[in-house]
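Asks: Each chain is listed here by its residues.
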Amino acid sequence: MIEFEIDGVKVKAEPGETIIQAADRAGVYIPRFCYHKKLSIAANCRMCLVEIEKAPKPTPACAFPASQDMKVFTRSPVALKAQRAVMEFLLINHPLDCPVCDQGGECELQDLSMGYGEGVSQYTERKKCVDDEDIGPLISTYMTRCIKCTRCVRFGDEIAGMPEIGAVNRGEDTEISTYVGKSVKSEVSGNIIDICPVGALTSKPYKFTARAWELKQHASIAPHDCLGSNIYIHTASNQYQKGREVKRVVPLDNEKINETWLSDRDRFSYEGLNSENRVTRPMIKQGGKWIETDWQSAMDMAYQGFAKIVEMKNPDAIGGLISPSATTEEHYLFQQLLRAIGTNNIDHRIRQIDFSDSMDSPTFPGLSINIEELEKQDTIVLIGSNIRHEQPLAGVRVRKAWKNGGKVLAINPVKRNYNFDTAKEMTVGISNMVPFLSEVVKALADKYKNKRFIEWLKDIKPSQDAIDFAEEIDKGVETAILLGADSLSHPQAGAIKSLVIAILAILQKGNYGELTTGANSAGAWLAGAVPHRLPTGENDSAGLNAQQMFSQPLDGYLLHGVEPEFDVANPQQALTALRYAPHVVVLSPFVSETMKDYANVILPIGAFSEISGSYVNVEGTTQRFRSANAPMGEARPGWKVLRVMGNFFEFEGFDYKDLEEVQMSFKEESDDDRKFERPMLYMKQDFVAHKPKGLIRIVDWPMYRVDATTRYAKSLQKTISDEERSARIHSKTVKQLKLNIPSGHMVEVIQNDESIQVKLVIDDNVPEKHVYLPAGLEETAGFGEVAGIVEVKIP
Amino acid sequence: MIQKVKMWAKSFTLFELFKGLGITWRNMWRKKITVQYPEEETPVSFRFRGVLALRRYPNGEERCIACKLCEAVCPALAITIESEPRADGTRRTTRYDIDAFKCINCGFCEEACPVDSIVTVPESHYHMEERGENIMTKEKLLAIGDMFEEKIAKAKKLDSEYR
Ligand code: SF4
Ligand code: SF4
Ligand code: SF4
Ligand code: FES
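Chains A and B, in that order, give the protein sequences.
The first sequence runs contiguously to residue 795 in this note's numbering.
The second sequence runs contiguously to residue 163 in this note's numbering.
Because the hints were derived from the structure by calculation, they are not lab data.
Idealized CB from N, CA, C, for every residue including glycine.
Worth double-checking, as some hints may not be accurate.
Said to hold, decoys possible - List time: in silico SDA-like cross-link candidates among lysine to any residue, alpha-carbon distance up to 25 Å:
{"#": "1", "chain 1": "A", "residue 1": "LYS714", "chain 2": "B", "residue 2": "PHE148"}
{"#": "2", "chain 1": "A", "residue 1": "LYS640", "chain 2": "A", "residue 2": "MET680"}
{"#": "3", "chain 1": "B", "residue 1": "LYS138", "chain 2": "A", "residue 2": "GLY104"}
{"#": "4", "chain 1": "A", "residue 1": "LYS216", "chain 2": "B", "residue 2": "ALA112"}
{"#": "5", "chain 1": "A", "residue 1": "LYS242", "chain 2": "B", "residue 2": "ALA112"}
{"#": "6", "chain 1": "A", "residue 1": "LYS216", "chain 2": "B", "residue 2": "GLU84"}
{"#": "7", "chain 1": "B", "residue 1": "LYS102", "chain 2": "A", "residue 2": "ARG244"}
{"#": "8", "chain 1": "A", "residue 1": "LYS216", "chain 2": "B", "residue 2": "ARG95"}
{"#": "9", "chain 1": "A", "residue 1": "LYS207", "chain 2": "B", "residue 2": "ILE23"}
{"#": "10", "chain 1": "A", "residue 1": "LYS127", "chain 2": "B", "residue 2": "ARG95"}
Claimed, not checked - Distance windows between CB atoms, simulated:
{"#": "11", "chain 1": "A", "residue 1": "GLY119", "chain 2": "B", "residue 2": "ARG30", "range": "34 to 44 Å"}
{"#": "12", "chain 1": "B", "residue 1": "ARG95", "chain 2": "A", "residue 2": "GLY8", "range": "20 to 30 Å"}
{"#": "13", "chain 1": "B", "residue 1": "VAL35", "chain 2": "A", "residue 2": "MET114", "range": "43 to 53 Å"}
Claimed, not checked - Which chain A residues stay away from chain B? Per the calculated CB distances, all over 12 Å, these:
{"#": "14", "residue": "ALA42"}
{"#": "15", "residue": "CYS98"}
{"#": "16", "residue": "SER140"}
{"#": "17", "residue": "TYR142"}
{"#": "18", "residue": "ARG211"}
{"#": "19", "residue": "GLU214"}
{"#": "20", "residue": "LYS400"}
{"#": "21", "residue": "LYS735"}
{"#": "22", "residue": "MET746"}
With the rest of the complex left out, here is chain A (with noise of 0.2 Å):
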């Protein structure tokens, strides 16, 4: 430790640690444009000069280390002098016209010139003008204005690794560019927004909608992913509008999950809210019509229609399906209503296929490290996971991880566009997984001499990829091995956990995680949205789970925040179950075509800005938030209508007052403190390989596609690429089924008898006898299962 002086203040610091650093954290602000405390030091706008004693000149606070007994001044005459000579610098090439810059009112520039600058400007010559580019439909740019902090650039650098924005030319002429004028695909470029001090960049969907000082700031959780980034909602409100409007929404500082940084998933979705599917009444259907009313005759619709099946049937010709980014108390409220009924067909894992492993499934899927550790490992192996679409700030973590000397080994069904270097990557198609997996886990046991899995694998023999691949995970010292999207919705997900936790046992150390889709997967474990476990932790008599509710067709539906066109494995399946089922009902903040076309009573509930509730993230910590602004319209949050369906069944249990009584009642039941336990060896899958005769697609659900309210969402909608929704081919396929015609042309696909038209991309990146199309796009609508037999032919 160092001791120092800052303005006569005694200040500690760590060696090496610089001026600005101890300064901040014993509160004393020194101005500043280029350092930013999550990127390298740069050291080029000069706005930090103190005074140090005996030193000649002002001195650079952010990149000078501090050093024992040295005593700064931050406003002593010279560094005051300093600082307003920089000032006037900065300001030179700088318009001056706040008023129409978005960043008017938050901006760091305006802040410090009225802090520490001057009043007047020498500078009378003409100022330099900047043109601008178009980088994509979420930023904006206004280039004069940047005052080459290079923050954008090093966030580019070092955090995203996008490495599209640079600084061009030198000294007077230096500008921030994409080189070629390209957009900037980065799955977190929102937040160069963010650190952008100025308003050269700024967002492009909130321009000039309002203003700093008349938005209203409310702490939330991001809906999305695993990881419950920690995120402002800002809104804002007028005479005319009833309620307030969510304008825009920007990270929360979080050390221990998103750090700074949000994704841009998480920061632009917000524009679905505000959609004009936006469902604002009760709907029910008549005679073929939809109508309108009010929420005592819809309930009363939607009861006496699950009633009828209960007296006329029984209880378990109803199933319930809830998406896995509803909050653990819709998803409590969810499964006691459904189990009060009698059934116990719940389940909150729409996207899931196999699930040979529920009954051994630990208390939530998860992550045994926390989040923040993700970084600190040196060996990192992705299994089928795209972890920069899926979670995006995780996948920031592994960069890190990476940059930091890390190694990241991979298995995948297809090629990854990962923005970090792998020391070793499989794309092994969907078939390949799991034989490829077992001979990973033959190699390690071979090496170890552990005859318990050499006996179970015995007739596998690992090829050379495998053997090194294993040589790999085995160097690491501390290693953690992810299973992604694509694992978790593989056809043999349960034989892939099996085997990772095979090759951590023969270890003997390493971490585990399953990086869940939807926002509070754990949630839904917890609060027992599954049909085989109560909330208790129990194991009950399973019901039908995801796929067997629309396998084996039900008579009555109850869907929460579900779309199953989009968000189900089999899309196809679902909607005839759905449209052949005499009661569908749905509670959902979105209504579309579709949706009419199955459901008989449809209620509206509110989306994430306008509920309160609370997610499990994936290492298994509880995040409460509270709604920002009341429910569009009619609509209600999602708890009050269960609980309110609860009492039109005349349920004991069901008068809750508040949310906090559903979370007492939740917290009694369960033990709330359940923490992640890494799932328990099982051994007794058998390894035949998923080999069906044809043609596999590759299904997985583009970034900006995985939900509702991102599907939405405007302008995220503007970022998916021709590309993600063409159907991609290897060259050597698209050979053997003699489609003579060149990337870009239509094909048709056709799966379970269904065809649709898509457009065709050749791809060396997917593996041969594989086509690659993803769900959830409006294309592939209501189309056939993840891992199904497709034909690809010329239309």
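We have chain A; now place chain B with the ligands onto it with these hints.
Replies: Below, chain B with the ligands without anything else, positioned relative to chain A:
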């Protein structure tokens, strides 16, 4: 004693009466200050804060850039602005309402405006007949601005000397 004699003399000569009549006489010849409103009007200072208006540039472009400073400064919360990028990418209001019933004609908005867009015109002749007319919309305010542009420009010029 002397006092008493003075008083006595004054009351006999009707001195006080003539003194009073003297004032009447003087005022009879003074210039009249009564103004025969509405035929006549008192002169109005160029700083008089009358009806509100939004101005345009000589080329017809509206001045307002939707910075919302006037909205923020207005002590009576009389101004409501909504803004959006216009098709040409500039920052513009889509709604600019002033509630004339709330407005206390303090002129703060005029002081705050960086582009001399919202102004209080030295003009007091305006009235409302119907409920709802108190909401001065953007169109109305711009029309008033167009109507009085000459007057506003003159007032601004005279005022500039004191700034
Ligand atoms: S655009 Fe903003 S962040 Fe980037 S260099 Fe310029 S001022 Fe800095
Ligand atoms: S004159 Fe004063 S009260 Fe009237 S709108 Fe302007 S700021 Fe508000
Ligand atoms: S009238 Fe003036 S102060 Fe008010 S928003 Fe327009 S430009 Fe800004
Ligand atoms: S903050 Fe120190 S030089 Fe920019």
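Asks: Just pull the numbers of the violated hints for me, sorted ascending.
Replies: Failing hints, ascending: 1, 2, 5, 9, 10, 11, 12, 15, 16, 17, 18, 19.
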